[in-house]
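Engineer: The primary structure of each chain is shown beneath.
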Amino acid sequence: MIEKALRGSKKYWLWLAFLASIIFIGFLCYLKQWKVGLGITGMSRDVSWGFYIANFTFLVGVAAGAVMIVLPYYWHNYKEYGKITVLGEFLAVAAVLMCMLFIFVDLGQPMRALNVLRYPTPHSVFFFDACVLSGYLLLNILCGWTVLHSEYKGTKYPSWLKPFIYLAILWAPSIHIVTAFIYQGLPGRHFWLTAVMAPRFLASAFCAGPAFIIIAALLLKRVANFDPGKKAIEALSKTVAYAFIINVLLFFFELFTSFYSGIPSHKAPIKYLFVGLHGHAEWVPFMWAAAILAAVAIILLVIPATRKNEATLVLGCIAVFLACWIDKGIGLIVGGYTPTPFETITVYRPTLPEIGIALGVWALGFFVLSVLYKITIEVKKSKELVVKYNGILFKK
Amino acid sequence: MYNANKVIPGIIIFILFFTAPIWLNFGRLEAIPQPELPKGEKKCVESKEYMRAYHMKLLDDWRKKAIRENQYIYINSKGEKYRISLQKTCLKCHNNREKFCDRCHNFVITHPDCWHCHFTKEEAKKWQ
Amino acid sequence: MALPKPDELLQNVNLNRTPSQHWMDIKTEFKPGTYCYAVEPQVMKDLGLPNLGSWQPHDEKWPLPENWKEIVRDAIKTRMERFRSFKLFMDICVRCGACADKCHFFLGTGDPKNMPVLRAELIRSIIKGEFSTFAKLFGRFAGARPLTEDVIKEWFFYFYQCTECRRCSVFCPYGIDTAEVTIIMREILHELGIAIDWAMKPVRFSHFIGNHIGIQPHTMKEIIEYLVADIEEITGVKIEVPFNKKGAEILFVPPSGDYFADPGIYNFMGYLILFHHLGLDYTISTYASESGNFGFFNKLELAKKLHAKIYEEAKRLKVKWILGGECGHMWRVWHQYHNTWYGPVNFLEVPKSPITGTVFEHAKDNKIIHICEFTADLIAHNKIKLDPSRNDHVIVTYHDSCNPARAMGFFEEPRFILKHVCNNFVEMPENTIREKTFCCGSGSGLNTDEYMEMRMRGGFPRANAVEYVHKKYGVNHLACICAIDRAVFPALMNYWVPGVDVCGVHELVGNAIVLDGEKERTTDLRYRPLKGKEEEV
Amino acid sequence: MNVGWSLLAVIVLLLIPWIGVGVLGLDSLFGIVIPYACFLVFIIGLIYKMIYWAKSPQPFKIPTTCGQQKSLSWIKHSRLESPFTTWEVVLRMFFEIVFFRSLFRNLRAELQGRRLIYGSAKWLWLGAILFHWSFFIILLRHLRLFTNPVPEIIQGLDFMDSFLQTLGVPPVYITDVLIIAGLTFLLLRRLVDPKVSYLSHGSDYFPLFLILSIAITGVLMRYAIKVDIYGVKHLTLGLVTLKPTIPDVKIGTIFYIHIFLVSVLAAYFPFSKLCHMVGVFFSPTRNMANNNRYVRHVNPWDYPVKYTTYCEWQERFRDLLEQAGLPIDDEWCKEQQQTQKTQ
Amino acid sequence: MAIKRRDFLKLGGLTLVGTAASAAVENLLIKGEAKAEGYTSAPESLKGKRWALVIDVKKCKENQSTCGFKCIEACNVYHNIPNIPDPKKEIKWIWKDNFEHAFPEEGTNKYLVEKLEGIPFILLCNHCENPPCVRVCPTRATFKREDGIVMMDYHRCIGCRFCMAACPYGARSFNWYDPRKYLSKVNPLYPTRTKGVVEKCTLCYERLADGKVPACVEACPAKAIIFGDLNDPNSEVNKVLEERMAIRRKEELGTGPSVFYLID
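Protein chains in written order, with this note's numbering: chain A, 1 to 396; chain B, 1 to 128; chain C, 1 to 537; chain D, 1 to 343; chain E, 1 to 264.
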């Protein structure tokens, strides 16, 4: 089936070339990082994780979010999702791949990356995260590819796949729970030390992932003549709306706990992020942008008319995606490290090469995603057998 | 023979490719370097043969024992004791990286990353 | 020799089960329906070829000549010296098995010796066992075996069970072409006097009379005049057909199947309507009255003999260039062999369409053009008046005939024509069309009735794909550009997919062309009512 | 059966240098004489093979066309699948040899009841790519033992290949892992797939076992049973500079086993299916352009054939032709007779 | 013929196998490999169950003008710690800070702050009893030794910096650059680090092995840093802690620091 990705229109190749050029720029930045060290980033002794890990955290959510389609389709036999299920599975593949790459570029000694598997350390959440991420990647490749291949062959997927599909469904939340555990189990990081971290991660995952699929499916409808099905999009947009509202609610619970209890160390990070602290307000505009986006998203997604309108739905989904990206990405990381263990503030700002590398990773993810989606759509089209010949669609 | 115009160049390319090692050395072959052994010292912690083949493994074992098991003394096959330390023990005798280590390593192209952290006295002078 | 029912036929076919015995130990069984009858000795004598007298493959003892081993060994050696392809293919196969499930005979029989790799191994093992001391020493371990009479029987069985369709060659990482091996193996068998009747009789006809069916010139003219009468009845237009016309611009050579047998005749009517519509200055020859070439299925020398007539005729009639009809293996021969055999063809001119002025640059040396290339060019330049709705009673799918597909690269031209002459065109599943197309199961001279079971098996993969579009999209016509296809598909479709008719591309062209001064048509060329005209008929 | 004998053959081959060097101390036989001899056999054997093939002409132009031919200007011609010019043929061959394009097309047919279905089947392609590319890179990488100084590019290759420092010291070569994975897959496939298993000879298993044991001895030598690599390079450099010496320091026997197996492979190469390495370049269905109507291909052994000429045919049907009102052309026959006479 | 050949092969094979087996006993393949007798620790090495440091804050206050913070300097020199100008990329094993930063949760207690104003607090890795950094390390590159030292294995560290996120004391530093460029004085007896690994105070494990106390302890002219085994009831540290009042950083996190600050 891979050969289907090797034949495409000029637009398809231009898009891939565009992504490849960004990947190349990212790669050049990475070469510099390789040579000089992580010193080229904005990270510091006090804020020792930054943009890379922020994107990683967010993307784990996107990967896990795909389960919102997979689960109803396989578990509840919700047929409407038939056309987009593989899209969800492949989104998970691309997102997990990006996650792994973000971790990889964040490592000080990348060539030793596999040490994680060589010295398995059950008490480290990171080890578990490596395991669940690679497991999820393999499961989604297996399930997505086998299901698509069966469609290509014109048969139902083989019965041996069922257990793997169910396993993948169970596995999806686990990747995000484990990722939350990376943060929420650390003593001395007040912003992270909260039990709602995992549920909040899940909620944001279950809105950001499906939001992306809605955007992608509607885009494919325009550029690739692919029909995701009206009902599927409607159902999925409801999922996004509910999950996002829960996400925002959970954030308010956090606010309540911090400010009603009045514990200074718990208030400090939130103050820093939203109003500034000790004269530092570097991330305030971003956090308010996220808040406004969230408000817009809720309005667009809750009102049925705007939710059912494709244009406003896409806007709402973009707002959800961006709001989650700011909030769960960079807001989470910076908030966790600020103030420092000495109650001082060390400012973190990503540097240009750092952003370049991150863009490169995103571009690589989109490259893989584009190729996988291209294959999917071609396979689905090849089943139609009624052939587009010299631009004219022949039907019986 | 038919298609000689293609087959003969093909054969020549084939010969050139598989005899490349001979041509690659042509006119640039360097003498095989001899590592300079420490003066005054007659023996290493183990036999010459063993050290030549296994020194890297020995160093790796040393590290694990010293760092992870707090065992700082190595007792060799003859029962002699050595303090485990690359800086203090090995480099005491083998104090010239260029003339000892690098000669062999550059010759056979093995570039272990020891020197990222460890160093000889001589070397330190350069980047101080 | 009762043919089993379609469902029974496949019952014992399992592509993933292999016999417990080593293939070298399995003796060939000649069951009725799975082999072709041996050639009559007179046919061979007439053509000056060696023969074994009267015998049949199922005979326990074949009347091989005394020195048969020597003949075979010499024949192999000669072929090795003459054909680099053969020599190379004997050496470089790594038995990766990529070709294994590509052969339609394997898919229809499950017989491992029908895997192209083992089919070639039938001779490869002999070359090792007879010519290589090393391999002889290691025997079966190295895949070597001695030459015995059973081997000859096996060769006969399996090399007359390859339709030279080249599908395996598409998938082989080294391009090993079993068709090439089969061609050479049939030549080697020929040297012993072994051939099949059904493939040799047409050769004799073609050699002495001019076409495979043995239609004599006056009969040919009569048949065509009948067809012209039919056309007049259907369209109201009287068409003139020029025979042996000196000084015509184009010599048109169709396969004899097109003016002799149903459904080829409708295709021929299509050609005539097209030429008349264009007012083309062409001629048909009663001497070079065959574009197909059964010689090719027996021996390359015979193939060369049969088509030499076309060039003499072109020279004699002083035409500018040659136009060929819709035929499969004919185009393999015309495209890949003619120029080597008969070139340089400097008594003709570079083909140029007199209607559109297009110069067929790609055929500038050989000066022969496929009628689909010619018609596609006309349609592209809007030179034909077409009414595709006249084919609305037809839902058509297109079968890429093996030889034009894999030995010529002929994919778009016929599709382009179909697209313009009918409104309902559906492709078969992608892995069964274009370069991956399946043979009709009876190519290379195997379309004989005594071979019916094997034909149905070999045609199964193709029929299966047709069945798929028939059930899913109601496809009722299978268009093809091969005379053998048109001859054998009706039986195959009748067996596997009843309800699908077979037609040529130009039959549909003939239906769609709006002739000047024609009456309103109510039927197609087969006298079947057009859509919406059912009551008028 | 075939499998067992192949394995046994490789084990025997393994024991020869083990005993030869380990017990009998025939270092120079196994370190110098046999490698030289086998390398010569390899080179001369393959040259012989190429000349052997080239001695036979390719009489006809028979490319397998897997894509649209070049015909009418407005029809998109498939350059790679149906090459028309030499340049396109070169491209086709390049993709064939470097990326195994034909194998990439592979399908898997399954018969389900009365339905044939075709699945995508890229595993063979992947296994073959892994194996061949790894083998090629390993071969290039070994130049570090045959050149002094080692070209930068080879050093770079070595660095990239050993980029993962995971299995401790020395860092693991990625190609080592991949070649063993690829070979294992190819071997398992031959054993497990009933079709491939049925058509395999012993001589198909033997090279797999042989190359696998070469890879394994190499890996062992690097990671477990170490040898004095300085001494090894003494020997190997001596070989390529034609001043062969056995170094004073004894190199471990495993090295001699490795080099002996490589020598056997080299000597076996030209006389087995492995010659597909050069053979693929000769394949007429891939290395010829699909343009016989455009450029004439000449068959050197072509000979004239006797066919029924027009005049013979006209004589036979003269009456019938006249009755049917078809023209008679005696002029032509006269002309033909005259030209025959003048010849 | 075939059978004969097989028999021959079998016979030949058996002989070869036999010879090889006896040869293998002679350790043919691994010629030259020697087996070490073993490893041990030196008799003079200091042995303890839980090493600890007690820092006499009072003495620090008294001597800060004269001592020149020899403890820090000695450590830096001994361990080849680079002097990186950018505070964001600094490497620190042992350093000084004020009370509010060292004990931020006490920072709102203005009386205590007033009392401890101006005192340099010497900060370093606490070698916790229950170290979060060890818990999170995915490769066990940082681990706790039997004698209580929280150790770093730079050969294994992948530079993920999870330990830095986990350490509530900011005791860990990451090599953002190659540290060698920032070295002015080099101790040839101790290696440097490479870029991309995390490092921190190792309580001079290799000095202990040689029977010496940590460099900072040795260097302090006022003897303000006391080193000893917390598990040994007779050790100096235990005696001091029994007599005087000591606090530990972020006690409430349950990490059990092994560094005590005497504040009375």
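Source of the hints: derived by calculation from the structure; they are not laboratory data. A virtual CB, placed ideally from N, CA and C, is assigned to each residue, including glycine. One thing to keep in mind: the hints can contain errors.
Stated by the list, open to error - So the derived label-pair ranges between C-beta atoms look like this:
| id | chain 1 | residue 1 | chain 2 | residue 2 | range |
| --- | --- | --- | --- | --- | --- |
| 1 | D | Y48 | C | D25 | 50 to 60 Å |
| 2 | B | T89 | D | V177 | 50 to 60 Å |
| 3 | E | E129 | B | T89 | 48 to 58 Å |
| 4 | A | N77 | E | R248 | 35 to 45 Å |
| 5 | A | L167 | D | F99 | 53 to 63 Å |
| 6 | D | Q336 | A | E3 | 24 to 34 Å |
| 7 | A | L167 | D | V12 | 41 to 51 Å |
| 8 | C | E70 | D | Y48 | 21 to 31 Å |
| 9 | D | F99 | A | K383 | 23 to 33 Å |
| 10 | A | K238 | C | K531 | 41 to 51 Å |
| 11 | D | F99 | C | H381 | 53 to 63 Å |
| 12 | E | N130 | A | T257 | 24 to 34 Å |
| 13 | A | K230 | C | K238 | 54 to 64 Å |
| 14 | A | N77 | C | D7 | 24 to 34 Å |
Engineer: Indicate, hint by hint, whether the structure satisfies it.
Structural biologist: Checked hints:
The given range of 50 to 60 Å is broken by Y48 of chain D and D25 of chain C, whose C-beta atoms sit roughly 34 Å from each other. Checked against the hint of 50 to 60 Å, the pair T89 of chain B and V177 of chain D fails, with Cβ atoms roughly 34 Å apart. A C-beta distance of roughly 33 Å is found between E129 of chain E and T89 of chain B, which places it outside the suggested range of 48 to 58 Å. For the pair N77 of chain A and R248 of chain E, the beta carbons lie near 59 Å from each other, so the given range of 35 to 45 Å is not met.
Distance hint check: the CB atoms of L167 of chain A and F99 of chain D are about 35 Å apart, inconsistent with the given range 53 to 63 Å. Against the hinted window of 24 to 34 Å, the Cβ-Cβ separation of Q336 of chain D and E3 of chain A comes to about 55 Å, which falls outside the hint. Distance hint for L167 of chain A and V12 of chain D: a CB-CB separation of about 47 Å, consistent with the stated range 41 to 51 Å. At roughly 27 Å, the beta carbons of E70 of chain C and Y48 of chain D sit within the given window of 21 to 31 Å.
Checked against the hint of 23 to 33 Å, the C-beta distance between F99 of chain D and K383 of chain A comes to roughly 27 Å, which is consistent with it. As the Cβ distance of K238 of chain A to K531 of chain C is approximately 47 Å, the hint placing it in 41 to 51 Å holds. Under the hint 53 to 63 Å, the C-beta atoms of F99 of chain D and H381 of chain C, about 39 Å apart, miss the expected range. Judged by the Cβ atoms, the range 24 to 34 Å given for N130 of chain E and T257 of chain A holds: they are separated by roughly 26 Å.
Distance hint for K230 of chain A and K238 of chain C: a CB-CB separation of about 59 Å, consistent with the stated range 54 to 64 Å. Here the CB-CB span from N77 of chain A to D7 of chain C is close to 33 Å, well matched to the stated 24 to 34 Å.
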